[in-house]
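Novice: These protein sequences, in sequence, are chains A and B. Just so you know, we're using this note's numbering here: the first sequence kicks off at 1 and counts up by one. Just so you know, we're using this note's numbering here: the second sequence kicks off at 1001 and counts up by one.
Among these hints, one or two may not hold up.
SDA-like mimics (lysine to any residue), calculated; alpha carbons at most 20 Å apart, straight line [as the list claims (entries may be wrong)]:
#, chain 1, residue 1, chain 2, residue 2
1, A, K278, B, L1368
2, A, K60, B, R1288
3, B, K1215, B, P1188
These are computed hints drawn from the structure, not numbers from a lab.
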Amino acid sequence: MRFKLHLHVALLLAAALAVAAPHARAQGAGVAYVSSEKDHTLTMIDLKTLAVTGTLATCKRPRHLQIAPDGKRMLVACAESNAADVVDLATRKSVGRVPLGDDPEAFDFSADGKTLYVSAEDDGELLMLDAATGKKLRAVKVGKEPEGVKTSLDGKLVYVSSEVASLVHVIDTASGKVLKNIAVGKRPRRFAITPDGAQLWVTNELGASVSVISTRDHSVIDTIQLSLKGARTEDITPVGVTISRDGKRAYVAMGRANHVAFIDVASRKVTDTVLVGKRAWNLALNQAQTQLWVVNGLSDDLTVIDIAAAKAVKSVPVGRVPYGVVLVE
Amino acid sequence: MRPLRRRPCLSVTLAAVLLGALVVLAAPAARAASYKVTLIVPDDDPRLERSRSERAYLGHPTGAAADALALALDDAGFELEAAGAQLALETVRVADAQAARSAAEKAQKAGAAALLTDLDAAGTLAVADAVKLPVLNLGDAADRLREQDCRTTLFHLLPSERMRADALAQTLVSRKWTQVLLLTGPSPADAMRGAAAAAALKRYALKLVASRPFKLSADPRERDLANPLLLTGNASYDVVWVVDSDGEFGRALPYRTALPRPVVGDGGLVALAFHASFERFGAPQLVRRFAKATGRAMTAHDWAAWMAGKALVGAAVAAPKGPLNAFHKALAEARLDGYKGVVMSFRSWDGQLRQPLMLGDGQGVLALAPVDGILHPRNALDTLGADGPEKLCKARS
């Protein structure tokens, strides 16, 4: 009897939660996490007030951070700890570590979330690791200093950029074979995939450009040369890139040019440039696609842009040498 | 007369046969070009004697140029393979300029695609004049190689003395340390570099309050030349600029001046192509890789050698199937990533690699040049060293 009652309550609760989920804010939501390379902490910013609410101690030299596909945990790759910190988003607490191999920079999850793909800079390898234990499943030799890592939408491929070789490696996730090396601009960095999966965009930090790659045949179909009034090409060093959910617009942080470029995906033309802080680095969009959060590596702050107005709303001081940002809504 | 005329005939035939054999041999290789490059270094390099290299004076080499070159080629293994190109490095040691010339001729005959030198100015010129190939100068900063003695085939990876002096002068301008006391050593290199320092002071409107010669000596009769307190006394200045190609005097000068003023030049704050403590633009990864491979910290000279390797790799990747002149064209037009945050390229007017310089004291990098606010009509990097309109290299203008 008792057991049955409990079951009923549990079912009721589950039903209530299921109904509430899309509307109510999950516990621990409403915060942005910003990693800072020199503080070994994540700075937390309230999404409503845009005020710093505190810091969270993490592993050493945190850089790339991403929410796991289950939506409950966030992984923070730490270069000097050779591990990822696992942060529970509900409690906002570090709950464990996953070994990531030597000097991890960026990573992505497999489609099922069970495998991690990590660029190991010093060894020039893409590591495939068990996401729960960090056990090494496979190491794929790539060009020196691999940087950006992105899993294709169907999960069959993983793309890795090599800073030294100026190549994008196309790797088969099942076999670990390098299927193709795509020559792109100088010092390729980060990726974004259009929502239809047809195009892969990669920023070329020293090419002042973005290479647009067709995912069908992995050929470069266009190179968008970035320019900015009053800035020289050498000062345009794009790194962070993201594409809106509707696939219409791309946002590219222009590095030392201290601006973010809004690019129309269809015409591949820059429509707006917005002044932010020094060395605009990585960026993230909010769910409503109304705000762009930009991390500024050389001014130790983060700029929130109102997308409709194409204007910076606020700059928030964060930790030393900020690297990346994740919004938990 | 007759026998003499027959001989050329024979050799022509022989040459034709050899050529035919070569064509046959070369045919399969034409698909993937294999470029050979030869590095020519001094046989007994006084710069690398243990007593010197252990001191690790800033701006001096502490190990062989081949180390960083090998690393650059090794780093590029994947890139070269992907492009279907090969690059092989050979190192030749020579006793003098004459031997350098023979080594260069021999390398050209053996089919080298480019030569590299870590020799003094005379040695590098002997090599450049012996061959038609591009010659990458790794280790000599002499301005004359970029000016009156320049060559169309010479490329320089290490910044020139004038670039280093300009970088330092710009830094003094940015700090508003305008009153400069110049101390210059006794060697011919000191005289040359002292002149470069004085010219940079003039270019940036800094005031030379006094210029004094120094000498490394413990002889009490020479104390006016050797005692830091006497050398830096009886004058008013913001900063002491010491020109000391040897290094020992300059290293011991900071904290020993009559007035409590900073030392720059070859002691204190030094302008360098690179320093292992540089933290930005991915440099720590390079420094770590180099230390892992060689067991020492990367110096400015190592960086220049590594950069030469990158330039050669870039050319091989751009022309993986040859021909050789495509490789040479790609080399001259190289756009290089040297972990200093900007793209670097060779100046068309003197073959010098334009690059930012680091201002360091051996413990850290304290500033970069060109400094913010010093402008140039085309590229701010060209505020360092000889600029195009000066037309100082007649061979290239």
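Novice: With reference to the structure, classify each hint as holding or not holding.
Specialist: Status of the hints after comparison with the structure:
1. K278/A x L1368/B: holds, 16 Å
2. K60/A x R1288/B: holds, 18 Å
3. K1215/B x P1188/B: holds, 13 Å
The structure fails none of the hints (numbered hints given earlier).
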